[in-house]
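Heads up: the protein sequence lines correspond to chains P and F, in order.
Okay, so the first sequence: first residue is 48 according to my numbering, each after it adds one.
Okay, so the second sequence: first residue is 4 according to my numbering, each after it adds one.
A few of these clues could be false.
Unchecked claim - Think about it this way: if two alpha-carbon atoms lie no more than 25 angstroms apart in a straight line, the pair counts; the simulated PhoX-like pairs of lysine-lysine are:
hint: 1; chain 1: P; residue 1: Lys265; chain 2: F; residue 2: Lys208
hint: 2; chain 1: F; residue 1: Lys198; chain 2: P; residue 2: Lys276
hint: 3; chain 1: P; residue 1: Lys198; chain 2: P; residue 2: Lys169
hint: 4; chain 1: P; residue 1: Lys287; chain 2: P; residue 2: Lys276
Please keep in mind that the hints were generated in silico from the structure rather than gathered at the bench.
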Amino acid sequence: MSIVEQFTPLFAPKTVAVIGASTKGNALPNVFIRRIREFGFSGDIYPIHPAAAEIDGLTAYKSLADTPKPVDYAYIAVSGAQIPGMLAAAKGHVRFAQVISSGFGEVDEGKGLQDELVQAAKAGGMRLLGPNCLGIYTPRGRVTFAEIGPKETGPVGIVSQSGGLGTDIIRRGLSRGLKFSGLVTVGNCADVTPSDLLEFYLADPQTRVIGMYIETAKDGRRLFDILRKARASKPVVILKGGRTQQGLAAAASHTGSLAGDDRVWVALARQTGCMLVDTLDHFIDTLLIFQTLSPRPQRPTRKVVLFGNGGGTSVLATDYFSRLDLDVTPFDQGPIDALAALKLPPGTSITNPVDCPVGTLQQDDGRVAEKILDIICGQGKPEALVMHLNLSAFVGRTKPEVLDNLVAAAMRVQEKYPGQSHFILVLRSDGEPALEARKREFRDKAVALGVPVYDEMANAGHPLAALASFERYRAARGG
Amino acid sequence: MIKNQVDTVVSAAKAAGRNALDESAGKALLADYGIRVPQSRVAKGVADVDAVMQGLQVPVVVKVMSPDILHKSDAGGVKINLRSATEVKAAIEDMLAAPKIKGARIEGFLVEEMAPSGHELVIGGLRDPQFGPLVMVGLGGIFVEIFKDVSFRLCPIARIDAEEMLDELKAAAILKGARGGKPASREAIIEVLLKMGGEDGLLLKHAADISEADINPLIVSETGAVAVDARFILG
Chain P
48 MSIVEQFTPL FAPKTVAVIG ASTKGNALPN VFIRRIREFG FSGDIYPIHP
98 AAAEIDGLTA YKSLADTPKP VDYAYIAVSG AQIPGMLAAA KGHVRFAQVI
148 SSGFGEVDEG KGLQDELVQA AKAGGMRLLG PNCLGIYTPR GRVTFAEIGP
198 KETGPVGIVS QSGGLGTDII RRGLSRGLKF SGLVTVGNCA DVTPSDLLEF
248 YLADPQTRVI GMYIETAKDG RRLFDILRKA RASKPVVILK GGRTQQGLAA
298 AASHTGSLAG DDRVWVALAR QTGCMLVDTL DHFIDTLLIF QTLSPRPQRP
348 TRKVVLFGNG GGTSVLATDY FSRLDLDVTP FDQGPIDALA ALKLPPGTSI
398 TNPVDCPVGT LQQDDGRVAE KILDIICGQG KPEALVMHLN LSAFVGRTKP
448 EVLDNLVAAA MRVQEKYPGQ SHFILVLRSD GEPALEARKR EFRDKAVALG
498 VPVYDEMANA GHPLAALASF ERYRAARGG
Chain F
4 MIKNQVDTVV SAAKAAGRNA LDESAGKALL ADYGIRVPQS RVAKGVADVD
54 AVMQGLQVPV VVKVMSPDIL HKSDAGGVKI NLRSATEVKA AIEDMLAAPK
104 IKGARIEGFL VEEMAPSGHE LVIGGLRDPQ FGPLVMVGLG GIFVEIFKDV
154 SFRLCPIARI DAEEMLDELK AAAILKGARG GKPASREAII EVLLKMGGED
204 GLLLKHAADI SEADINPLIV SETGAVAVDA RFILG
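Just chain P, same shape as in the assembly:
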């Protein structure tokens, strides 16, 4: 069976069993039942309960072995000690069991219970997710543990060792326009590990970019082997929590004493082309750029043009980008002459960065910008174009449609020079509620058009540098 087939019952279950739902309807598993119904799950739901005949209007069954059809996915949230017996009783009737409950390997006194759990899952003939996690979010299967999340299936596949962070990724991702092919929280990874899910996402045709939150990689060697074999066929972004110190205390050699902190993770990234990030924001920013833009290994990104309003912002961004090994150097004479011929108002800088005050940008309802962008792309030929708009400066000075016109102009120029420059939008604002609302609406439109949108220049710099490094990796390794 292929890896995709193996995991299909998890990502698109036809039957879901729920252990821990109460007849009073107020336990976490009751909430789970309600959520998947609201999310549009159309398969059978089997509450498992020792006594009740019915829960939340659904027929209840006494054991995992008693359901009318085999169970693709079982959601289990009852006190830990009862669970091994329940799993062992399933007798090959369950494909995936996710144990939400805690009190297992994450605490010393639970280590024995976790071993029992693993043995029971094996005896019951199922794969085990967790324990100590929150659940799965799989839009293709209409199953979710989260309160909110897009219903649409997208290209971003996530595995998270933390449940809470998994929720953050869905919620913040939603507001940034991320669309997921799935998100699995794996907690203690007693059986299924991040490496297993990495293998699935690499093979899954729905998934184009993979994000992993990892605290410990017990099967680090396997993670390395999978990534190495994949040859960066899909971008993999790793948010690593906790730094490994194992072996350091005992180190007797130079090499041993130098190997500390995260050198092994840096090595993994350099060797396999996966990308390491340090914060949740960088993680989401980087996933977003790979969701929206197609890596271009045949012409790796280095030359970047900045275009927008805000002189100081342009200068700071030029410095910041160059520290990230991105090149914001002035144009050659050709594009400069062409831009000068437009006779833009004073205060407009036409080298690179191209700094246009609002007055210039709103000329002719934003259509002057199209001429500028045409010259930038057609003659400046950057590998990436970052357009930044300080929304605060537009307030009260322009018609609302100027912003739309600017982005529409940029999109037309993009179509005229296909594959020429990655296009990134930075929408800067000052936190004023009305402006934020406007920005949000605008951001949704842009992301839907395939344009990644960032809050500040620095936020755009990191993902762009990650995209560049991914392209360079593929270029250097013939891919």
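Assemble the complex: chain P is given as a structure, and chain F must be docked to it using the hints.
Below, chain F without anything else, positioned relative to chain P:
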């Protein structure tokens, strides 16, 4: 030396309850993987020196061999630049009188040709509990000790990984001959890295037995690289 004999060296050390290979066994292991080591012979004591010196080019270095001494230089167990059998004998007598050597179990003295001058590098290995063998490279001395300017990769490495390891060292320009220095043979360093950390390299082949390794220094001239000292921690 054929591989079986080297494996015997490793298993003999383990059987003897050692937690490390002695220097000559370590170098035999390196030589078996095609890494150049200086010509050397073992003298049991001063009586052997005349015979041992036959066929070795001076200058030579003498190093004490003892399972009790891990840091030979600190113990006074290394004498360099010796130009005759007489000088070698005097060096051994000095060592036998040194406070940190006197009481130790002495297995002999390694008499070894001195490597030609060149850049000093460190190439190492380490078995990570989660990821398995890693290989490391850095420039010797202050670059490793103070700046920790080293680069790690997981084994096995390919040629392109070895190239990138060298390129990411802050001191990379020094190896290329910055400030009027002579360049180090990049090809020679890459070869040693591959012989240590490559697909058929020493670190992967002996992953079960070797927990840490240091070639320190690897002397790299414009034309080649010689492993002048090597330490392998078993376990």
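25 angstroms limit on alpha-carbon distance, applied to hinted pair F:Lys198 and P:Lys276: holds (22 angstroms)
Hint consistency between P:Lys265 and F:Lys208 [alpha-carbon to alpha-carbon, up to 25 angstroms]: Holds, at roughly 22 angstroms.
Hint consistency between P:Lys287 and P:Lys276 [alpha-carbon to alpha-carbon, up to 25 angstroms]: holds (21 angstroms)
Pairwise hint evaluation, P:Lys169 against P:Lys198, where the allowed Cα distance is 25 angstroms at most: violated (33 angstroms)
In summary, the structure is inconsistent with hint 3 from the numbered list given earlier, while agreeing with all the others.
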